[in-house]
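Residue numbers (our numbering), protein chains in the order written: chain A, 8 to 461; chain B, 181 to 674.
In short, the hints are calculated from the structure, not lab data.
Everything numeric in this text was worked out from a predicted model, so none of it was measured.
Mixed in with the good hints there might be a few duds.
[Claimed, not checked] Pairs of lysine-lysine, DSSO-like flavour, derived with a Cα cap of 27 angstroms: (1) Lys282/A x Lys76/A; (2) Lys298/B x Lys506/B; (3) Lys29/A x Lys249/A; (4) Lys399/A x Lys245/A; (5) Lys385/B x Lys286/A; (6) Lys383/B x Lys286/A; (7) Lys282/A x Lys383/B; (8) Lys269/A x Lys383/B; (9) Lys282/A x Lys385/B; (10) Lys340/A x Lys286/A; (11) Lys385/B x Lys356/B; (12) Lys404/A x Lys191/A; (13) Lys216/A x Lys302/A; (14) Lys269/A x Lys385/B.
[What the hints assert, rightly or not] Stretch-level coverage of chain A by chain B, calculated; a stretch enters the list once three of its residues show a Cβ under 8 angstroms from a Cβ in chain B: (15) 104-112; (16) 162-173.
[To be verified] If you want a taste of the chain B side facing chain A, the calculated C-beta under 10 angstroms gives, among others: (17) Val251; (18) Ser330; (19) Glu332; (20) Asp483; (21) Asn519; (22) Ser539; (23) Val541.
Built from N, CA and C at the ideal position, the CB exists for glycine as well.
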Amino acid sequence: MDLLWTISTALLLCSLLSILWKESDRRRNRNCYLLDFVCYKPSDDRKLSTELCSDIIARNKRLSVPDYKFLLKAVVNSGISEETYGPRSIIEGREECPTHDDCVDEVDDCMYRTLDQLFLRTGVSPIDVDVLVVNVSMFAPSPSLTSRIVNRYSMREDVKTFSLAGMGCSASPIAIDLVNNIFKTRKRTLAVVVTSESIAPNWYCGTDKSMMLGNCLFRSGGCSFMLTNDPSLRHRAKMSLKCLVRAHIGADDDAYSCAIQKEDDEGRVGFHLSKSLPKAAVRAFAENLQRLAPKVLPVGELALYAVRGLRHRLWRSKEAKTDAATAARVNFKSGVDHFCLHTGGAAVIDAVGRALGLAKYDVEPARMTLHRWGNTSASSLWYVLGYMEAKKRLRRKDRVLMLSFGAGFKCNSCLWEVLRDLNDGGAWEDCIRAYPPQTLVNPFMEKFRWVKEA
Amino acid sequence: MRAVPLPRFLSSVKLGYLNVVNHLLAFPIIPVMVAVLLQVLELGPDELIAHWRSLGIDTIHALCTIFTVVVVATASFMSRPRPVYLVDHACFRPPRTFRVPFATFFEHASFMPFFDEKSVRFQVRILESSGLGEETCLPLANRCIPPCPSMEAACAEARLVIFSAIDELIAKTGLKPRDVDILVVNCSLFSPTPSLSAMIVNKYKMRSNIMSFNLSGMGCSAGLISIDLARSLLQAHPNSYALVVSTEIITPNFYAGNERSMLLPNCLFRMGAAAVLLSNSRREEDRAKYRLLHVVRTHEGADDRAYRCVYEEEDGEDNSGISLSKELMAVAGEALRANITAVGPLVLPVTEQLLFLASLVARRLLGPRGGKPYIPDFKRAFEHLCIHAGGRAVIDELQRSLGLPPALVEASRMTLHRFGNTSSSSLWYELAYIEAKGRMRRGDRVWMIGFGSGFKCNSAVWRCLRTPKAPVDGPWSDCIHRYPVHVPDMVKLL
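In isolation and in its complexed conformation, chain B is listed as follows:
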């Protein structure tokens, strides 16, 4: 059972080989069929009837053959994995009273007894170039001086963000909570017992045979992990509904120390939550917004550098926080390359794949003289892109390494500006932006990319099934007319 992991190059070749072999029958059959068809078209109708009669097929044989073909076709059709539809999604809309403009953030930081002056200036400098706007929101507990991160406050925030998102989803879809068969909740930094999934079951009085799962500690890419889990469960249970809730609870995670690498989350993380309804029921085919095509997960945890780049630990003064290493961008780039190698063959047109393979072979055989690595043109595979709004640097790095035009990263930048880094739910705010802007059309493909601690890079590919009707109700309803805004590289505060 011993297996050795293939180097990346050979994995690509292997994938290509697998594709060819999987469709081996198509290779000889298609030319033969084309030839026969051409021959048949050349003959006239009388000749065709004469040929048919000469075969001597009587009714019984004809019926048997037709019966066989129909039965086999039906059996194959019925045993296909049912497609997974996204019926609709909803995001938490933070009330204006939760806003934290830059001035508030600066003032509060200055008054905190545990921050020294250097830390305050550092946090403000981060905020200046963060790409965040003035309307991002923090929970009430974090706006006390000093913050009061009690369990009660964390539960209150959880109830507020999660129930708002689910209530909105119910209003949009007419979902009855008792119809939910699968419930997957992910919240990385807050996991009370009973879990948040039990809290939802309690509030909405869900059924006793619900399949509920609560994922925790899985970072900003956990939203797509939940989608992956929901998809597996839906494939095992036909005619079902899955409710996926992604959030991050900010209250318990304020860092009250002076370690620079651990101050970044204070500056970037903001309140948010998303609720998504998935289904594989045939009934939903008529009104579902998207269809899930692929989910690809990549885990770089085997590499120590990647593993330690987002790490929860205590500083010298026993204050707990999440430290972000300086190598984060490089690690994110590598994780993305690994993920793309797996996603590429599933979504790229054959021409791009061949070019990528040729470039890979050339570099392998000729070394650096084989030319620069060919970066597949992902614009030919997707119409829209949702990149986790982790921070301005992450979006810049991805734009550069994938060669993306500004229009494709606009949703990510604007989400970061309006809502901040809402962790695993940010991808849903971005999708809502694209819909609110009226850019989503039937047939469009969307690529969601999430990054998170571990270090993981997860992708999901969706196809839009119907053009959303304007005006689209969502978290952007009250402000979409102001977007896009120009986000300056630096907003001078001090």
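Next comes chain A alone, as it looks inside the complex:
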């Protein structure tokens, strides 16, 4: 009898333990750790000063004088410094007819430089990579960019590659989402993600004002980063992914067409930015925050927000409150320590900062990234993160929110938790001491003052 009793109890315990072990194993392997990231620093001969920008713009003989002034004004007031980078083909005068090799070389330089660094720093061999994701929105050659990397680094036959294209400036969180979902189905997986943008084939050579702004703001940049769900690598990881929210309001026609690649009246392809873009951005932003807030904010803050909302509904206020203003009443700083905002432009950063109730200190990384690197599209978030790390702001247990907007119209966000104190200089190594600068005003403001007065 005793033996029987022992056996039954043992059986019961074993089964309970096995269920618990299976569950905990599943949870341990569901984490997504950021091992390291490397931002792209092009060579100095590719720097685009305001003067050089003005020369490049002037090469377009189709532009009238008012158009030229409009563009120069955009460049001078953009908050972008003299240190940003452009593609070689544009600097050398081939902006109207770049060759296929120009486009490929531009992306290759970014991918290979950052990947060489990434493999060196992490000590991981390319043959150990299980998943490879590349996102470059406006250039998708055959074979794909992922195949170029597989060939260059002789990766394994069974490596899972995914080449995302057309997904806009918010594609970084999309790539992370893809990898995170694969992590939920496979144990001990190592993923490498490369995010960049192709500028060489996308210079607009026409006279449509709505398409010219891209020329002024976009700059060369990129980032490669390594993710893993292997719990044994946790001690080497920089950050751990806590949650990811994607909001796609493409169902609305205005939102879908507010940032779209199309031909102008003369048949030249350009990236059209419409006047309804800020409205679409606000809507997408609100949509994203609605789903993000419960995952990110502490219960107390959510309760306060609920109470405020209830009060507002019961005692209807006569003032019209927009979604953005409503969001301002939620204090995101209660659940987030650092904010990586997409550097779409000075106006975008300021608007998002106001909506989230952020101080100058919080938007400084984004403003400085815009200043130093320009709008590098999907990879901008990583330069902002690099600034925070170089400034030694990232401490263990800090929470970092990445927020970006992109064509579609999408607003994507992800929250990371820092796993250890970070202090690597990265791409900011040689210039972080000069930041923040005394002034963000373009040094050519004097020279081009006639632009301001026009």
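Following the hints, position chain B against chain A.
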């Protein structure tokens, strides 16, 4: 963390070893159970009851044990990865007005100002032995003289082919666009911003929390890459629906030069698109057509020869096009062998695997004297085969190297004849052919093989869950009665 890739032979041995180890418990337990069962059967019912009473098990113990077994079984059952079902699929049916018979192709090529006479004759010779028929379709922009490949025209083609396929899928399945949780689109040679996936979200007013992905540049095998991605996403999200759209947009990719290796795509690529609805919802178990068993991807990009055999570049006159190298067949054969080595252990019966292993060992130990390499009989693993209709040469090469009878490659040949090379969607046209011919039966296994730039060879294995009811509505509805046709080796045009 340093790892060295195992040579192929050792990989097979390793796979075998893994299979044995994974099922190690089965090896001692099954004989023991059989022995006990035989012993029990020998005893009479009275003796059995006496044995039972002597154990002294009271109710509580019995209940505990039963409870434990039930709980563990339920937990294991619930935590299994949910199967991925293919609810239905639909293909774009090109209108007759888009047809490009040989005579039209020849005439247009002759009038193009940038083709020299040699190039025209070369393209016609390719067409003569291509295996294409007279009903393949090109988009409107490509039928202008010269073609006008504007972005507007490319978007119009995309809207036409993609929305037609999705509309048909919605009609077949009753799918509500707002129920789509995952959207994966692949189109290799055209990727506008916003992406084609955003275009679909906009047209069908899909939800704002949709997980959409747009793959581009991944070649003719990208359809199976999309299926792989959708499967991973479905495994991470229970009770979901995934819409996979595979297409190739022809408009922007006309080659206007005279380089021979780059003229082939002009001759072979045609309009097509497919929309596939996948789900892991238990509700769909009753009406799903197929179940996805395996997806195996092989990437030969590490080998320079394979990497460069399908390559986009500019010719001497700055015309952009895709060049196909002369080594394409050899590379495709090697990629297929690599893929088969991975697929084989998953699908082949044990006897075939052992024979393959024995042949491998013999060749390793004895060299060429060990005999010819044993090619596993894949007919024992699959009832149907869908090989990417890349061109007649690819199908011929696969038929030869796998030792396949004509019946197994008929779907590929007929798809190439009727629709041309529609790139990543061709596999779905082939599946539709098999269904339209009434050959698909419940329990049949289908092997889809896609090849593409990179160089990649991807496979998917499906099992049919219910025999499709005749007549099957699809892209073959209006012409299946004419098929199969005899496709001559050469159709004399000049």
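Structure-based check of each hint:
no. : hint                : in the structure
1   : Lys282/A x Lys76/A  : holds, 20 angstroms
2   : Lys298/B x Lys506/B : holds, 19 angstroms
3   : Lys29/A x Lys249/A  : holds, 21 angstroms
4   : Lys399/A x Lys245/A : holds, 13 angstroms
5   : Lys385/B x Lys286/A : holds, 19 angstroms
6   : Lys383/B x Lys286/A : holds, 20 angstroms
7   : Lys282/A x Lys383/B : holds, 22 angstroms
8   : Lys269/A x Lys383/B : holds, 17 angstroms
9   : Lys282/A x Lys385/B : holds, 22 angstroms
10  : Lys340/A x Lys286/A : holds, 24 angstroms
11  : Lys385/B x Lys356/B : holds, 10 angstroms
12  : Lys404/A x Lys191/A : holds, 23 angstroms
13  : Lys216/A x Lys302/A : violated, 41 angstroms
14  : Lys269/A x Lys385/B : holds, 21 angstroms
15  : 104-112             : holds (count 4)
16  : 162-173             : holds (count 12)
17  : Val251              : holds, 6 angstroms
18  : Ser330              : holds, 6 angstroms
19  : Glu332              : holds, 6 angstroms
20  : Asp483              : holds, 8 angstroms
21  : Asn519              : holds, 9 angstroms
22  : Ser539              : violated, 21 angstroms
23  : Val541              : violated, 22 angstroms
When the structure is compared with the earlier hints, violations turn up for hints 13, 22 and 23 and for no others.
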